[in-house]
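Novice: Here the protein sequences line up with chains A and B, keeping their order.
Here the first sequence is numbered in numbering that gives the first Met the number 0, starting from 0 and rising by one per residue.
Here the second sequence is numbered in numbering that gives the first Met the number 0, starting from 0 and rising by one per residue.
The set of hints was computed from the structure by calculation and includes no laboratory data.
Don't take every hint at face value.
Unchecked claim - Sample of chain A residues facing chain B (criterion: CB under 10 Å; computed from the structure):
#1 T141
#2 I145
#3 F159
#4 G170
#5 G198
Glycine included, each C-beta is placed from N, C-alpha and C at the ideal position.
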Amino acid sequence: MWLFKRIIYLCIILAAILIAYNRKKSLPANLSALKTLLVIVFFNETLAIIFAYTFKQTSLLYALFGPVQVFLISFVYKKTFVSRKTIIATNLLMYACLIVMLVTAIINKAWMQVNSEGNTLKSIYIVLLCLLLFTDWLRFPTTFNIMKEPMFWVNMGFFFFFAINVFFWIGYDFLAEENSAILKKLEPIQYFSNLFLYGNILYAFILQKKEVKRLEYETGPV
Amino acid sequence: MKPDLFKIILTGILIIGLLAVFIIFFILLYRKSYKKSIAEKELMQVQFSQTLLQTQLEIQQQTLQHVSRELHDNLGQVASLIKIHLNTLRFDDLEKASISIETTKDLTRQLIADIKSLSVSLNSDRIARVGLINALQTETQRLNKTNEFVASIEVLGTALLENDKAVILYRMSQEILNNMIKHSKASHINILCDCRENRFILAFSDDGIGFNVTDKINNDGAGLNNLLNRAKQINAELTMQSTVGKGSRVTIVLPL
Numbered sequence: 000m001w002l003f004k005r006i007i008y009l010c011i012i013l014a015a016i017l018i019a020y021n022r023k024k025s026l027p028a029n030l031s032a033l034k035t036l037l038v039i040v041f042f043n044e045t046l047a048i049i050f051a052y053t054f055k056q057t058s059l060l061y062a063l064f065g066p067v068q069v070f071l072i073s074f075v076y077k078k079t080f081v082s083r084k085t086i087i088a089t090n091l092l093m094y095a096c097l098i099v100m101l102v103t104a105i106i107n108k109a110w111m112q113v114n115s116e117g118n119t120l121k122s123i124y125i126v127l128l129c130l131l132l133f134t135d136w137l138r139f140p141t142t143f144n145i146m147k148e149p150m151f152w153v154n155m156g157f158f159f160f161f162a163i164n165v166f167f168w169i170g171y172d173f174l175a176e177e178n179s180a181i182l183k184k185l186e187p188i189q190y191f192s193n194l195f196l197y198g199n200i201l202y203a204f205i206l207q208k209k210e211v212k213r214l215e216y217e218t219g220p221v
Numbered sequence: 000m001k002p003d004l005f006k007i008i009l010t011g012i013l014i015i016g017l018l019a020v021f022i023i024f025f026i027l028l029y030r031k032s033y034k035k036s037i038a039e040k041e042l043m044q045v046q047f048s049q050t051l052l053q054t055q056l057e058i059q060q061q062t063l064q065h066v067s068r069e070l071h072d073n074l075g076q077v078a079s080l081i082k083i084h085l086n087t088l089r090f091d092d093l094e095k096a097s098i099s100i101e102t103t104k105d106l107t108r109q110l111i112a113d114i115k116s117l118s119v120s121l122n123s124d125r126i127a128r129v130g131l132i133n134a135l136q137t138e139t140q141r142l143n144k145t146n147e148f149v150a151s152i153e154v155l156g157t158a159l160l161e162n163d164k165a166v167i168l169y170r171m172s173q174e175i176l177n178n179m180i181k182h183s184k185a186s187h188i189n190i191l192c193d194c195r196e197n198r199f200i201l202a203f204s205d206d207g208i209g210f211n212v213t214d215k216i217n218n219d220g221a222g223l224n225n226l227l228n229r230a231k232q233i234n235a236e237l238t239m240q241s242t243v244g245k246g247s248r249v250t251i252v253l254p255l
């Protein structure tokens, strides 16, 4: 059952990657970076299945994947933000987040066990990016139907996924100590939030048009 | 204390519900913000059209004054001279008559050339057709033909300008050049058109007597204030630098 669930999850990611490659000529820089992130996620998750069967633990893979994820998601947002101040703030927050993640990874020996503090921080950071983008859109609205904007769905996916993950990782250590059986029962929440995130990304790539519209200006020669 | 699964699930549902409410609230707020932004843009567009219309009217008024001056001071004078030459033509002395006819012919040629030049400088459509740079090059040639100035133009890079803005820039250039011709007592006039780095720079410099910029703007500088207003209307920045005895420089920077 675990493997079957993982395969469904990988199929959604693979579908998103294929659609992204199909539209690669029209992808803006933010969605291009997202495509790269998806490819890395796909390989990471495939390796995680192999690691789970052979080494019985996947902590090392996720410890390595965390900083890459933070870097690429930050890049996606930096390329989406309109406000220059927000872009500078994102740069500073990204480096701060990466440094704290590295410190917690060393303290918690993240290559051997789950780094819940690092994951909590990463989730809070990405939720903050999502909120900054929502604010940016409210300050500089560009289209009436925001629901036709690919980045809206990507942002919503990240927002739901990481907001749920903030609460999951905050309670992780306590639950693991007090009642590890509940953690097993909570796994579907994480699984479905994952499906929601990659489903949203898949839909965002479907929304992205194949052709880039040419801008025409009413101008005369100088 | 054992964590209760039911409470955890309830909390989870509550969190997801709150996130969903947040998204719905965001969409509603976004649409409101978009409508407000569109209304502001439309208002700005209307204001821009109004100021553009006002500028066009001012330009028309100035153009009519320019035509009136040209007709009175130049074309009228030449036509009067032609009339005098024709009136004083005496056919009893064929040699003198021949000289007078030749002079009249020259004056007529000059009159035709001046009428053409006036017509060319008045035609706004010409700017749209030939472009601002070509129009300024013609102005430079016109200045050189007077033999009173050595005028030159330097063009760096290329850019596309909206027709309205090109016409206003051309009229501003004409006013700046006319001021230099009338007041600067310069021998060299230089025009620089720099269309690089997402901005269009138009700079005019002379080696004339110069003037005190602040005094001129504060006192009788209606023409200079007019230039500043016109620059503002096309979102350009106009700066004037001048030192008494060392010449002047007027720079217009238009973001592209």
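Novice: Run every hint past the structure and note whether it holds.
Specialist: For each hint, the structure was consulted:
1. Hint status for A:T141 relative to chain B: holds, with the closest Cβ pair at about 8 Å, below 10 Å.
2. Satisfaction of the interface hint for A:I145 is found here, the shortest Cβ-Cβ separation to chain B being roughly 5 Å, below the 10 Å cut-off.
3. At about 6 Å, the closest approach between the beta carbon of A:F159 and any beta carbon in chain B falls short of 10 Å, and the interface hint on this residue holds.
4. Of the supplied interface hints, the one on A:G170 holds, with its beta-carbon coming within about 8 Å of a beta-carbon of chain B, less than 10 Å.
5. Given hint, A:G198 at the interface with chain B, is violated; its Cβ is 15 Å from that chain's nearest Cβ, farther than 10 Å.
Of the numbered hints listed earlier, the single one contradicted by the structure is hint 5.
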